[in-house]
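These protein sequences, in sequence, are chains A and B. In this text, residue positions in the first sequence follow the numbering used here: the first is 3, and each later residue adds one. In this text, residue positions in the second sequence follow the numbering used here: the first is 3, and each later residue adds one.
Treat the hints with caution; some may be incorrect.
Unchecked claim - As a list, the in silico DSSO-like pairs of lysine-lysine whose alpha-carbon atoms are at most 27 Å apart: (1) B:Lys113 - B:Lys42; (2) B:Lys303 - B:Lys42; (3) A:Lys86 - A:Lys42; (4) A:Lys64 - B:Lys339; (5) A:Lys305 - A:Lys339; (6) B:Lys303 - B:Lys113; (7) B:Lys305 - B:Lys171; (8) B:Lys272 - A:Lys272; (9) A:Lys272 - B:Lys339.
I should point out that these hints are in silico values taken from the structure, not numbers from a laboratory.
There are 2 protein chains.
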Amino acid sequence: MPMNRQILLAARPERAPGPQHFRLAETPVAQPTDGQVLLKTLWLSLDPYMRGRMSAARSYAKPVEIGQVMEGGTVSRVEASRHKDFAAGDVVLSRAGWQEYALSDGAGLRKLDPQRAPLSTALGVLGMPGMTAYTGLTVIGQPKAGETVVVAAASGPVGATVGQIARIKGCRAVGIAGGADKCRYLTDELGFDAAVDHRAKDLAERLAAACPRGIDVYFENVGGAVWEAVFPLLNDFARVPVCGLIAHYNDAELSGGFPTARLMRAVLTKRLTIRGFIVSDFMAHAAEFARDVSQWLREGKIKYREDVVEGIENAPQAFMGLLQGRNFGKLLVRVAKE
Amino acid sequence: MPMNRQILLAARPERAPGPQHFRLAETPVAQPTDGQVLLKTLWLSLDPYMRGRMSAARSYAKPVEIGQVMEGGTVSRVEASRHKDFAAGDVVLSRAGWQEYALSDGAGLRKLDPQRAPLSTALGVLGMPGMTAYTGLTVIGQPKAGETVVVAAASGPVGATVGQIARIKGCRAVGIAGGADKCRYLTDELGFDAAVDHRAKDLAERLAAACPRGIDVYFENVGGAVWEAVFPLLNDFARVPVCGLIAHYNDAELSGGFPTARLMRAVLTKRLTIRGFIVSDFMAHAAEFARDVSQWLREGKIKYREDVVEGIENAPQAFMGLLQGRNFGKLLVRVAKE
Chain A
3 MPMNRQILLA ARPERAPGPQ HFRLAETPVA QPTDGQVLLK TLWLSLDPYM RGRMSAARSY
63 AKPVEIGQVM EGGTVSRVEA SRHKDFAAGD VVLSRAGWQE YALSDGAGLR KLDPQRAPLS
123 TALGVLGMPG MTAYTGLTVI GQPKAGETVV VAAASGPVGA TVGQIARIKG CRAVGIAGGA
183 DKCRYLTDEL GFDAAVDHRA KDLAERLAAA CPRGIDVYFE NVGGAVWEAV FPLLNDFARV
243 PVCGLIAHYN DAELSGGFPT ARLMRAVLTK RLTIRGFIVS DFMAHAAEFA RDVSQWLREG
303 KIKYREDVVE GIENAPQAFM GLLQGRNFGK LLVRVAKE
Chain B
3 MPMNRQILLA ARPERAPGPQ HFRLAETPVA QPTDGQVLLK TLWLSLDPYM RGRMSAARSY
63 AKPVEIGQVM EGGTVSRVEA SRHKDFAAGD VVLSRAGWQE YALSDGAGLR KLDPQRAPLS
123 TALGVLGMPG MTAYTGLTVI GQPKAGETVV VAAASGPVGA TVGQIARIKG CRAVGIAGGA
183 DKCRYLTDEL GFDAAVDHRA KDLAERLAAA CPRGIDVYFE NVGGAVWEAV FPLLNDFARV
243 PVCGLIAHYN DAELSGGFPT ARLMRAVLTK RLTIRGFIVS DFMAHAAEFA RDVSQWLREG
303 KIKYREDVVE GIENAPQAFM GLLQGRNFGK LLVRVAKE
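Next comes chain A alone, as it looks inside the complex:
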C-alpha cells in the first residue's frame, strides 16, 4: 500500500520555528469516493505567510491546528478521479499542503496547461507571489514614470517581480537584499537600477545614496531595520503597500520600531498612504495580472529564479531558512517528479 508522507504542525513556535515544531507522519494513501479526486503533489510552495499560520495570534486567516497538515499551495497531478470535471493526468493548482497526496472535492482546483509555462511558475511569478507584486504595486503603489520604487526581499518572488514591473512602468527600481550575490543578481540579471545589502552597517546611508530623489513607493514586505532606513526617505505623497513583515514574524512582542507618534507625524506632514493588503483582496485584478505578466514573461521583460529543495521531508528545514533569507529566488519543494 502506498504511503502518504505529511508534515504536521507539532507545536506553536514562540519565536523562530525549529525542527521540534514539525512532525513527519506517514499514513496510507486514501482512495477517492464519488465526487473526489486523489492528488499527487508535484511542487509545494514555501512562503513567509506560513509563519503566521503556525501562530494562534489573530490574523487574516485561521491558524493551522496542532496535529494538522501544514497549509500550502501546490501543483498537483490527478492520480485518480471520481469527479466529473477532472481526469487522471490533469495537473492542477491546489492547496494540498505539506504532503505527498491529498483528496479533494474539486473546490478551488484550477487546471494548469503544461504547454503554457513551466508548471512551477503557477506558484511563483504567475501565481500568488507574482499577483501580490502586481496588484500591490499597481493598485496601491500606483507608480508613475520617473518615480523611485524601493522593495526589500528583492531577490524573492514578490520583490523581484515588483522591481521588474517598476522598471517596465518607467520607474527607478531599487532593491534591498541580503548579501553581495543577491544584490549583483538584482542589477546584473533583473535590471534593477541599484541594489543595497541590508546587512551593511550603513544601510541607511547606502539606501539614501541609491535614492537621490527620495522614495515614492516603498513596497513593504519586511519591516524592521529596512523600514527604519526607508522611512526618512519617503517623499511627499509616497505610497506604502504592506503585504508582509517577515522581519517581525518571529517576534513574540512586536516591540520593535520607532514610536507611532513619529510615524503618524510623517503620515500627516508628507501625506503618506500606508495600506495593507492580501492578494485575495484583489481577485478582481486576476485576469489583468495573468495577461500582463504572461506577456512580459514571453517578451523577456520579467525573469524569475527558483530555489528548489527535493523531498517533502526537507520542507521544514527549507522553511526555517526562508525566514532567515537563506533561499535565493522562489523557494519550492519538488515533492515528486513531473
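Position chain B against the provided structure of chain A, taking the given hints into account.
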C-alpha cells in the same frame, strides 16, 4: 494716523506656546499703491495647524519667521482699492494673518457674498475646516451606510462636521470630546449616536462600548491617548484619514505611542488604510464641497457652533487655549465689527 495692531512670532516654543512667544506690535496703516488693496480684518480664524507654523521643524508649509506676523485665514473688508477687481466695501476671504490691517495684491482673495451665509462661516463650516472634514471623510474615509465613523475633537469645526456628514451618509457617528458639556452637545444638538469623554480614565472601555461593531473610519486629528484607544477597535479594511495630531503639537520629541511594529502588523492583518492629507490637496473637490455643505446647512442637516473672542490682542491667549481644548466650537477672533 490709524495704527495697525499685529501679533508677531517672538520666539519658537519648544513645547506649549506661552505669552513670551508672541509680541503685540503697532505700525502705521500703509496705503495701497497701484494694483493693491487695503484690507481691514473682520474675523481671524484660529486653528491648530498654526502651532506647526511656529516651529522650524519640517512640515508641509514653511514656518513663520521670528518677527513676522502670525499667519492665519481672515474675513476682511476692502477699505481702499487701487485694484481693478476689488472695490471699497467688498468683503473677501483672505490670509491676512493676525493683524488688523493688511495690504494685498489681490492674489488668493475670494469675494464673499454676505447674503449667502454669515461671513464667519467662510472660516468654519463653509471654509477650510468644513472642507477638511468633507474631503477627508468622503475621499479617504469613504463611509458606507451602516459603518461606524469615529472622530475626535468632535465639538470643533472639523470634528463636528465629520460626525454630521457621517450621519447624513447613514453611518453610526461616535464623537470624542473633552468634558460632559461637549459630549452632551454632540448627542443632543448635533445628533451623534454616541459621545465619549476623552478625560475619562476608562476611555478605551467607553469607546469600545460606544462602538459595538468596531470602527470602520477613524478621522484622525488628535493622536495620543485617543489614537491608542481607537487602534484596537479598527475593523478589517478600516480607513484612517489623518489631518492633524493636536495631542502631539507641543511634543518636542514625538516619543509617544506604541511601537511601529505593532501598528504595521495591524495594517497588514486588518488591511488598514492610513493616509495623511491637507485640505489643499483636495482643491479638485472644492465645488462639490461648497454645493453639498451649503445645501445641508440650508436643510438644517448640519449645524455649527462658534466660540468668539474679541480683539486681536486676545488672539495669543485664545490660541493657547485651543491647543488645550478650552474652546467650544470654531474659535474666531472678532477683530473688527462687520
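Hints, one by one, checked against the model:
Of the pairs offered as hints, the one joining B:Lys113 and B:Lys42 holds, with about 14 Å between alpha carbons and a cut-off of 27 Å not exceeded. Between B:Lys303 and B:Lys42 the CA atoms are separated by roughly 33 Å; this puts the pair beyond 27 Å, and the hint is violated. At roughly 18 Å between alpha-carbon atoms, A:Lys86 and A:Lys42 fall within 27 Å of each other, so this suggested pair holds. Between the alpha carbons of A:Lys64 and B:Lys339 the distance comes to roughly 65 Å, so the proposed pair goes past 27 Å and is violated.
Among the hinted pairs, A:Lys305 with A:Lys339 is consistent with the structure: their alpha-carbon atoms are about 23 Å apart, no more than 27 Å. The straight-line distance between the Cα atoms of B:Lys303 and B:Lys113 is roughly 26 Å, inside the 27 Å bound, and the hint therefore holds. Restraint check for B:Lys305 and B:Lys171: satisfied, since their Cα atoms lie roughly 16 Å apart, inside the 27 Å limit. Proximity of B:Lys272 to A:Lys272 is assessed by CA-CA distance (about 23 Å); at most 27 Å being required, the pair is judged to hold.
A distance of roughly 39 Å separates the Cα atoms of A:Lys272 and B:Lys339; the hinted pair therefore is violated under the 27 Å criterion.
Consistency with the previously given hints fails for numbers 2, 4 and 9, ordered from lowest to highest.
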